[in-house]
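Residue numbers (this note's numbering), protein chains in the order written: chain A, 1 to 365; chain B, 1 to 365; chain C, 1 to 365; chain D, 1 to 365.
It is worth saying that the hints were derived from the structure and are not from the lab.
Here are the simulated DSSO-like cross-link-like pairs (lysine-lysine), alpha carbons at most 27 Å apart as the crow flies:
| no. | chain 1 | residue 1 | chain 2 | residue 2 |
| --- | --- | --- | --- | --- |
| 1 | A | Lys360 | C | Lys363 |
| 2 | D | Lys360 | B | Lys363 |
| 3 | B | Lys360 | D | Lys360 |
| 4 | C | Lys163 | D | Lys163 |
| 5 | D | Lys153 | B | Lys360 |
| 6 | A | Lys360 | B | Lys312 |
| 7 | D | Lys360 | C | Lys312 |
| 8 | B | Lys312 | C | Lys363 |
| 9 | C | Lys35 | A | Lys360 |
| 10 | C | Lys363 | A | Lys153 |
| 11 | D | Lys363 | B | Lys153 |
| 12 | B | Lys360 | D | Lys265 |
| 13 | D | Lys265 | C | Lys312 |
| 14 | B | Lys363 | D | Lys363 |
| 15 | D | Lys360 | A | Lys312 |
| 16 | B | Lys363 | D | Lys153 |
| 17 | C | Lys363 | A | Lys35 |
The lines below spell out each chain.
4 protein chains.
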Amino acid sequence: MAGSVFGNLFKVSTFGESHGEGLGVIVDGCPAGLKIDSEYIQKDMDRRRPGSNKFGTKRNEGDKVRILSGVFEGVTEGTPIAMVVFNENQKSKDYSAIMDVFRPGHADMGFWEKYGIRDYRGGGRSSGRETLSRVASGAVARRFLEELGIQVKAYVTEIAGVKAEKRDFDEVSKNPLFMPDKEAAEAAAEEIEKAMQSKDSVGGVIECRISGMPIGVGEPVFDKLDASLAKAVMSIGAVKGVEFGAGFGAATLLGSENNDGMRMKDGKITKLTNNSGGVLGGFSDGDDVVFRAAFKPTPSIARLQQSVTRFKEDTDITVNGRHDPSVVPRAVVVVEAMAALTVADLMLMNMSARMDNVIKIYKEK
Amino acid sequence: MAGSVFGNLFKVSTFGESHGEGLGVIVDGCPAGLKIDSEYIQKDMDRRRPGSNKFGTKRNEGDKVRILSGVFEGVTEGTPIAMVVFNENQKSKDYSAIMDVFRPGHADMGFWEKYGIRDYRGGGRSSGRETLSRVASGAVARRFLEELGIQVKAYVTEIAGVKAEKRDFDEVSKNPLFMPDKEAAEAAAEEIEKAMQSKDSVGGVIECRISGMPIGVGEPVFDKLDASLAKAVMSIGAVKGVEFGAGFGAATLLGSENNDGMRMKDGKITKLTNNSGGVLGGFSDGDDVVFRAAFKPTPSIARLQQSVTRFKEDTDITVNGRHDPSVVPRAVVVVEAMAALTVADLMLMNMSARMDNVIKIYKEK
Amino acid sequence: MAGSVFGNLFKVSTFGESHGEGLGVIVDGCPAGLKIDSEYIQKDMDRRRPGSNKFGTKRNEGDKVRILSGVFEGVTEGTPIAMVVFNENQKSKDYSAIMDVFRPGHADMGFWEKYGIRDYRGGGRSSGRETLSRVASGAVARRFLEELGIQVKAYVTEIAGVKAEKRDFDEVSKNPLFMPDKEAAEAAAEEIEKAMQSKDSVGGVIECRISGMPIGVGEPVFDKLDASLAKAVMSIGAVKGVEFGAGFGAATLLGSENNDGMRMKDGKITKLTNNSGGVLGGFSDGDDVVFRAAFKPTPSIARLQQSVTRFKEDTDITVNGRHDPSVVPRAVVVVEAMAALTVADLMLMNMSARMDNVIKIYKEK
Amino acid sequence: MAGSVFGNLFKVSTFGESHGEGLGVIVDGCPAGLKIDSEYIQKDMDRRRPGSNKFGTKRNEGDKVRILSGVFEGVTEGTPIAMVVFNENQKSKDYSAIMDVFRPGHADMGFWEKYGIRDYRGGGRSSGRETLSRVASGAVARRFLEELGIQVKAYVTEIAGVKAEKRDFDEVSKNPLFMPDKEAAEAAAEEIEKAMQSKDSVGGVIECRISGMPIGVGEPVFDKLDASLAKAVMSIGAVKGVEFGAGFGAATLLGSENNDGMRMKDGKITKLTNNSGGVLGGFSDGDDVVFRAAFKPTPSIARLQQSVTRFKEDTDITVNGRHDPSVVPRAVVVVEAMAALTVADLMLMNMSARMDNVIKIYKEK
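Kindly generate the complete structure, drawing on both the sequences and the hints.
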């Protein structure tokens with residue numbers, strides 16, 4: 001209940017501070033009989049890792065995931081899957097500059113007021129390293145969804161003020177910014193360079209597309225598919241907004257423009273447009289689920305900022321150290337992870353919605 | 001778990017279909033000793049009700065809330081507070097036109113696929129009447145927050161494409177659109193008229209401001225204040241996007257622009273701007289919590305639309321009947337309700353974050 | 001979280017005080033497509049009601065259950081099933097005698113300390129009438145289990161110190177004490193008479209047998225089938241102990257005596273004895289689940305007892321009014337209800353334990 | 001939801017199989033500012049470990065607990081406390097004898113049916129080693145309760161058919177059976193010897209006493225203090241029954257005998273007897289909470305037993321290897337752990353029961 005547990009049936013519990021012994025996660029409720037191994041999970045971990053490109057932090061600690069339980073002979077057992085990443089690279093650094101100062105744009109003040117204690121070494125629990133646990137468990141959820149024909153793909157549609165005009169999905173893995181538009185990626189890279197030179201940082205937007213969804217996933221009223229995804233994605237550190245389909249744009253449309261008409265196509269109900277973003281009334285509507293998340297610029301910047309200390313005195317601060325000019329590229333896999341965890345959970349919950357499904361499991365063995 | 005239960009410590013369970021016997025809610029976990037009565041709750045119910053103005057549906061059934069338990073001699077007992085609104089006005093209408101058709105922009109198809117059964121009389125569980133339960137329980141949460149000096153106020157900042165340019169809060173209750181800008185409200189009213197004449201509907205944006213928040217409310221990682229609010233608000237029927245503070249705009253700012261500097265002011269830590277929307281790292285930061293929700297236009301319109309039947313045949317449909325040209329004005333109190341429920345729950349959860357608080361309760365009686 | 005919500009997937013929320021407007025329950029998560037009506041539920045309600053016999057309280061208010069939502073044309077819709085029983089028979093009585101006194105054996109003192117407020121009129125939330133909500137929701141669970149071939153039957157195996165020596169199940173419904181042993185029932189009736197004459201009350205033991213269970217229901221570690229049942233049954237007002245199979249007797253057996261050997265019989269794995277009570281390692285083992293619950297004697301007795309007031313003064317008290325000499329006979333259906341709710345919930349949770357079940361639902365439509 | 005998560009506010013998630021890489025637990029929700037270190041926790045781990053005495057298994061792997069997160073400079077941070085014990089001593093043994101056989105008295109058959117896969121190496125998730133995670137997290141809960149003046153002490157009151165006649169608490173730590181009666185411990189040791197010689201095993205009863213409880217802890221209706229403790233304790237592998245205070249004996253008492261009278265004593269409400277076991281109406285009543293748990297004899301015995309294989313063939317089996325003749329002595333600290341976890345959770349939940357407590361935290365800083 002203290003906020004480090006996510007999901008109902010596909011339930012994950014995470015732990016770890018950026019400068020503690022390690023970080024990790026327990027996945028409780030992954031069905032037994034799913035093929036998975038640490039190599040599969042490591043691939044997602046590596047996508048989150050600062051790559052060889054210049055836009056990632058220099059800290060590179062491998063972040064090798066180790067499975068401690070729940071997988072036996074390459075297959076999930078139905079028991080909790082525990083995964084851990086040990087911190088290898090904590091330099092005994094001098095933190096005196098930020099120890100007593102609340103950094104602008106960070107959780108420092110909130111942590112201090114809430115707990116009366118704070119691990120001042122690099123963000124502690126609110127460090128971006130916390131997302132390691134999301135990615136590791138999200139990879140298990142992704143593996144689960146693959147078996148059901150569901151794919152979760154995210155990519156950067158805007159960064160440093162440069163928008164992707166195309167959706168060239170083959171391009172996504174080819175540029176360091178994970179944009180589906182080569183030209184936009186190049187233009188954005190230049191803008192990021194500029195920001196770096198002026199010791200500044202940039203934000204952006206990640207779009208995520210979930211394909212292969214059956215109709216009817218999501219619970220009515222409070223646990224709607226879109227509401228659940230919104231929470232999951234908004235819980236990622238720097239996210240300030242989430243929208244589905246036409247999103248904020250829908251507010252300016254007429255009903256006749258925004259409603260997606262329907263027609264039968266190849267024996268399947270097909271929406272003629274996807275302003276709904278694949279969610280109607282909180283249920284998946286058979287179309288691709290499409291949402292976007294807005295990320296603020298990295299708050300840690302080496303420019304002088306106005307701040308206060310925990311002793312309630314004014315001060316000025318520059319946050320030095322290894323900081324990404326933008327968290328957006330590395331957040332792509334984190335968005336996918338949260339989406340996969342949410343959908344996996346709602347898929348399991350949806351299984352008992354109908355009496356005929358219950359009978360199929362118990363009476364038609 | 002089937003989606004009609006919200007909250008952890010301040011927990012609500014709702015029920016009811018638009019054309020069943022009644023709708024209602026149980027609030028379990030409201031602290032004992034809070035003064036409340038049905039008049040207080042009815043005030044919020046009445047704000048949700050279609051008013052005397054021309055933009056609300058004609059159906060006016062009073063929607064009188066009745067408290068069945070949990071309040072004794074005007075004070076909460078600590079036991080579940082059950083509230084019910086009986087449906088008085090269900091006309092025995094002819095539903096054959098929509099009985100087998102999936103209305104565009106509605107949950108009909110999802111309901112049918114998920115449950116294999118559907119109450120075709122006016123939306124059933126996914127009717128807007130479902131929000132009655134949110135408003136009734138939200139009023140209890142609002143009463144609770146009042147005692148702690150916290151106010152939740154929402155208002156319409158955009159409707160039918162017309163944006164409020166001002167934030168004149170005194171104006172909000174004076175115009176039928178609940179806009180904080182008289183001129184905008186008048187211009188918007190004209191646009192809505194036009195849409196109505198062409199049998200169409202409009203969307204809009206509601207902004208919500210929560211003032212008086214202590215610092216540190218919200219749980220780190222998954223149950224962040226903004227993430228929890230996002231889910232709560234996105235779970236309202238027609239919402240397609242939620243953003244905090246600078247929101248999607250933050251994606252285009254530099255870190256130096258987006259970070260809110262801090263200074264001491266009257267002995268209090270004060271942010272110089274509020275791009276954070278009052279939430280940093282998932283914790284309230286002492287500033288007003290400010291978020292916006294985008295509402296799509298009402299999907300029920302009397303224009304001909306392309307659709308399909310549950311027998312998987314193409315058809316065309318016009319949705320006649322009593323339908324608001326926009327749900328936005330009536331949704332203002334619903335947004336407030338969901339915000340109040342979320343904050344009340346997180347306030348209770350936050351109580352045990354610190355050992356000194358625990359000791360204050362148990363050892364310093 | 002405040003204790004009036006039970007279950008995970010088959011989730012119930014209850015409300016109501018003995019002297020408020022009414023009591024009731026919401027069932028959220030009952031699969032859609034289950035045939036049920038209020039007559040079915042009323043049958044269980046009537047078994048809980050004080051009968052025509054002399055051992056029940058004289059208060060007879062009908063306790064007619066009314067379904068407000070979730071059932072459409074005789075079938076569950078998948079939406080919350082709300083049921084309410086209005087209190088019809090609250091006499092405007094003089095409560096001054098017990099208003100400020102903590103009755104021995106009752107929750108009065110705890111209520112007062114916990115909430116600082118107490119509905120002194122007949123127990124309020126801790127009245128036996130609270131079990132109405134359990135029985136109504138338990139009937140829905142029972143209906144659900146019936147469809148899966150699972151039966152839940154409880155009966156009195158001991159009351160007023162008289163033990164049933166037989167398990168003659170046909171006899172159970174024929175005597176007012178619901179004992180599976182006619183002679184024991186007659187002897188017990190005499191003992192209860194004696195207790196009544198001396199203004200005293202008696203306790204007893206209820207045994208419950210759940211037949212038709214598939215193997216593997218129950219979750220490992222914390223949510224074991226027996227652990228979950230123990231909590232469910234122990235949460236009934238007067239229960240002081242719960243045991244499964246050989247129960248406390250198992251503590252005195254040798255492993256070779258207590259272990260149930262296994263043999264194939266008619267193609268089915270069959271245990272040769274049932275010391276396990278149908279639960280091994282927290283999973284159903286295919287045998288009947290058998291447990292017993294010990295009930296203390298009714299604490300409300302018309303004999304003089306030593307007590308204290310809420311002003312912390314010694315006093316003596318006799319609790320007059322309509323009180324059963326034993327809650328045991330009326331608790332039979334309550335035990336069944338709690339067992340049915342627990343098993344229904346664990347049956348739904350068990351559906352997603354195996355990948356092949358998930359695939360059966362989503363890929364083999 | 002898959003059963004490896006316990007608690008609401010003081011929430012633990014456990015993982016680990018007996019022959020995997022390791023076992024462990026995350027504690028989420030322990031208040032910040034509690035002094036604790038691994039030495040404190042190790043003390044409880046060592047009490048669980050097979051001692052030097054002849055009644056424990058020979059396997060001794062140290063079971064050193066390692067804290068990975070949540071504790072900074074000797075104090076809890078409010079973030080998740082992760083603890084892990086690596087398995088050091090897994091011999092590459094020949095499991096072919098039990099690989100396909102369902103051992104009597106074990107979870108083997110249930111595991112196989114539920115998951116379709118089973119870690120046949122020594123019980124996997126249903127091994128007694130699973131309790132390591134309970135003890136580690138229970139030690140954190142114990143530390144928390146200590147700060148509030150609450151003590152949890154368990155001891156063996158019956159083993160191998162020998163009952164402790166005394167409650168000499170100083171004696172408990174002096175004999176290898178943790179009995180509060182020296183003579184009984186000696187007599188029981190002889191009985192255990194006899195059972196061992198005949199390759200058999202014995203059961204017993206553990207009593208637990210929780211002192212220093214404030215009045216009113218526990219939630220009404222479903223989450224009563226006794227119901228919650230019953231589930232917690234019944235979830236320990238071999239437990240077959242739980243009772244409070246007079247327990248099953250209460251079923252045979254008259255109301256006038258069973259009710260605990262009350263008198264003021266030294267300004268405090270005092271019960272004259274404790275038949276309630278410290279719980280009335282689900283709330284702590286200020287007296288010591290006293291309950292007993294019945295443990296069945298260890299099911300793994302080296303005597304020939306009738307069994308079946310997973311291929312549904314009859315077979316006979318002797319379970320060789322390192323097995324305790326009784327789990328009871330080592331379970332003492334496990335019972336304490338589960339009791340401490342339950343009480344810690346309910347203490348946190350109880351904090352928000354009253355409005356004046358909420359105000360104390362938020363308005364009287």
